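J.: Guided by the hints, dock chain A onto chain E, whose structure is given.
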Amino acid sequence: MSIVTVQLGQCGNQVGQELFEVISNDANDTQRKVYSECSSERFFNETANRELVARSVLIDMEPKVISQSIAKTGKSGKWRYGDRSHFSQKQGSGNNWANGYCVHGPRHEEVVMDIVRREVEHCDCLAGIVAMMSVAGGTGSGVGTYVTQCLRDTYPNSFILNHLTWPYGTGEVIVQNYNSVLTLSHLYQLSDAILVHENDTVHKICAQLMNIKHISFRDVNKVIAHQLGSVLQPALTGDSHGIYNRNPIGELMSSLVCHPEYKLLSVCNIPQVSSSSMAYSMFTWPGLLKHLRQMLIANSKMEEGIDWQVRAPSFQPEGTERTGSHRRPGFNTSLANLLILRGKDVNDAEISGFQHPSLYTPWLPADEAFSMWKTPVPFNKYEKSAILVSNSQTLLRPLDNMVGKAWNMFASRAYIHQYTKFGISEEDFLDSFTSLEQVISSYSQL
Amino acid sequence: MTQSVVVQVGQCGNQVGCRFWDLALREHSHVNKKGIYDEALSSFFRNVDSRRSVGGSCDITGGRIQSLKARAVLVDMEEGVVNEILQGPLRELFDTTQLITDVSGSGNNWAVGHWTYGSAYREQIVDQLRRAAEHCDCLQCFFLIHSMGGGTGSGLGTCVLKLLEEEFPEVCRIVTSVYPSAEDDVVTSPYNSVLAMRELTEHADCVLPVENQSLVDIVNKIKHMSHSGKPGSVIKKDSAIISGQGGVSGAEKPFDAMNNIIANLLLNITSSARFEGSLNMDLNEIAMNLVPFPRLHYLVPSLTPLYTLADVNIPTRRLDQMFTDAFSKDHQLIRADPKHSLYLACALMVRGNVQVSDLRRNIERLKPMLPFVSWNQEGWKTGLCSVPPVGHSHSLLALANNTCVKSTFMELRDRFTKLYRKKAHMHHYLHVDGMEQGCFTEAISSLSSLIEEYSQLDATKDRLMPDAARLNIAT
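Sequence lines, in order, name chains E and A.
With the numbering used here as the guide, the letters of the first sequence map in order to residues 1 to 446.
With the numbering used here as the guide, the letters of the second sequence map in order to residues 447 to 921.
What the hints contain is simulated information worked out from the structure, not anything from laboratory work.
Keep in mind it's a predicted model, so treat the numbers as computed, not measured.
Cβ coordinates follow ideal geometry from the N, Cα and C atoms, glycine included.
Worth double-checking, as some hints may not be accurate.
[Unchecked claim] A short list of chain A residues far from chain E (calculated; beta carbon distances all over 12 Å): (1) L532; (2) V632; (3) H838.
[What the hints assert, rightly or not] Distance condition first, Cα-Cα at most 25 Å in a straight line; then the derived DSS-like pairs of lysine-lysine: (4) A:K479 to E:K72; (5) A:K813 to A:K669; (6) A:K479 to E:K75; (7) E:K90 to A:K515; (8) A:K813 to E:K75; (9) E:K290 to E:K72; (10) E:K72 to A:K480.
This is chain E alone, in the form it adopts within the complex:
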């Protein structure tokens, strides 16, 4: 089954390109033929001349990024983008969500959906659509939301996963909080699940774990691609009965998104080290899993600086009412977790630490809340990697900050005239704020 990605805006296209790089390298790297073929089938279309063409649609409102992407991949020779799989315009969206959503989106709907349709038709069987975008700008966020709406209308029975990149907290774009609030509130209704990467977090990973001195956006994008790739590459799941899962996105959804009010997913992938240290590093499953578990409950995104003081409450005997005692300060409660193990001796890994009820919210039985996928094939040169996709309170604080800042700005009505002139009114803003406060409230009460 194949996945079609839709890359939207500068960020979506830059990250998307790194994603395909990672996947192509990973699939080529391995000795395991079945894994390789499954991965290729999932992400690439093989043409008559044995070329691998990415199952991807590139969309941007200005041409520079896409033309660079296509030129770069054309040269590599390993894979390329489809010749007619891209759409760009001359003038960008000006960091204006309203411009993207109300003007560019509808204006180019037909052409864009045509390209998507063509790409979907190239798939024997569609596993789902992954839309990649940022929330801070105008195209990724505004046009991205509109396109997601069109995808939902056109493919009502397909799984749609939105991959979002959240900007640095200290501004890349001044109106980023407005654009983010508008995007998230709309996507929450349209998308099946929202997988988030935050620039701040990834930046720290680059700085502290990978020891990169002068971090560029390329470095950041590579880390995001590595993490996203590790989730989407083939694996053996509980349902797949010994062969690589045919329905990765569907299974992701059913494991993690059991309630429509809770759709925010985050990813942790360990280990992450610089390529120079890789040769000297030895990892064991117990070590990795212990760190990963603590990263989950202490809400840490990296193997360094984990707060080991945060502990799960001690187990309560059967029959007693599990109340909010697990809501300790600093403790990250999960709704559901998906653990993916890739690499050597994967069957020896002891994962019971993740199945403990104290990690989870009381209204879902712990055995429903936890799922595991695994494959003996190592991912992207790491002998062993453990990936945790979780639906938990991790994103609560960043989301709350984002809404808070946007609300403060809205209170003084700053910049609102830039949105109203394209058709987004103060009412629309208020609706968005209300939806997100609801989401925040739901997650707080986990």
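T.: The following block gives chain A in isolation, referenced to the frame of chain E:
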């Protein structure tokens, strides 16, 4: 790729414009070694096959450069400056149709420029603007260059601004206005400036105010540096922001050094729209991010570095120094100190070999020293363009929407009031058809209310503003 059209009005506007075209050619020839007419060039230039008859141009992208024509409209009510351009080395850039001139000038009288010439030349101007716009695939922005103190640039220039809004409402209007210094020798410059200010406040999307005195100070600073003879202080050739060397024109003329600074400002603002980078910043993003309220669109520019030292052994602490300098009083293009006033928003456009981590590090470092308005504590808009300007490995343009412009406006108001109280020189204005006493009162009241808006924001500066109460959700 989008195109922009430059409209240069009046003596100052045309002189600055001339420097702009010269430096633009220099920049593109530096980058574009193969002589191909590429997208970047097309943002300001058309490629014309001069063998074809006049009016039949072929703008072929991707072909070889044949004859470049500037996307410009030159307007002046006396012929001296425009004639000089037409006789100088840049004459090939301009079609005679792009020039609109008259003989007698505006006599430093805003009313003559705005009303008399405004109505007389309206059709011609609109025609030329339309023509320029039609040559563009996707017109994104009009750059208007003029001075505030005179008659043509100030009066006719603001009339053109109104026309641009009427005829092309969707195209961004970025105005570079040269404000007169206190010691300006034109007696009526306060009248002209205040009358023009009203138009700018109403009709421009963004205004980049520049003060002559600041330009003079910067020029002196550089000259002092280059003549100081200190070891290690030799300035690399072509790198000074005031240098026009390497351009097409020959010897430098008196105001050239100052005008080069403004030309560099325009080049840097458009760099991310023309060249590639890891975080692109288009022109429409500037207005979007830096203008929180429609009338408060005055953006204080500052450019660094002013020059590159020739000694390559200087360590790269220079990069951080560049960021610090952008916020120092000496580098601002108006006489104001933004650090001691309130920032509403700030844009940093970086060119050259700078990564996002350098940018982040410097923002973190400088943030505590810069007061931002309570609802925009992280009011930073950033852009990274990979192509550096000529003679530098990296450069930074900072555009600040800061309440420090208030002081410039207040000084202007004071100078205006001194004259207005005595009704000095007013008869020259009131004689002009279309001009009335009401224009003066409206203009000064517009300026006063603008100052008032800035003052109100200033008042919030040191107060700790509480966060707005969040919505309560029924659970």
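J.: Give me the numbers of the hints this structure contradicts, sorted from smallest to largest.
T.: 5, 8 and 9
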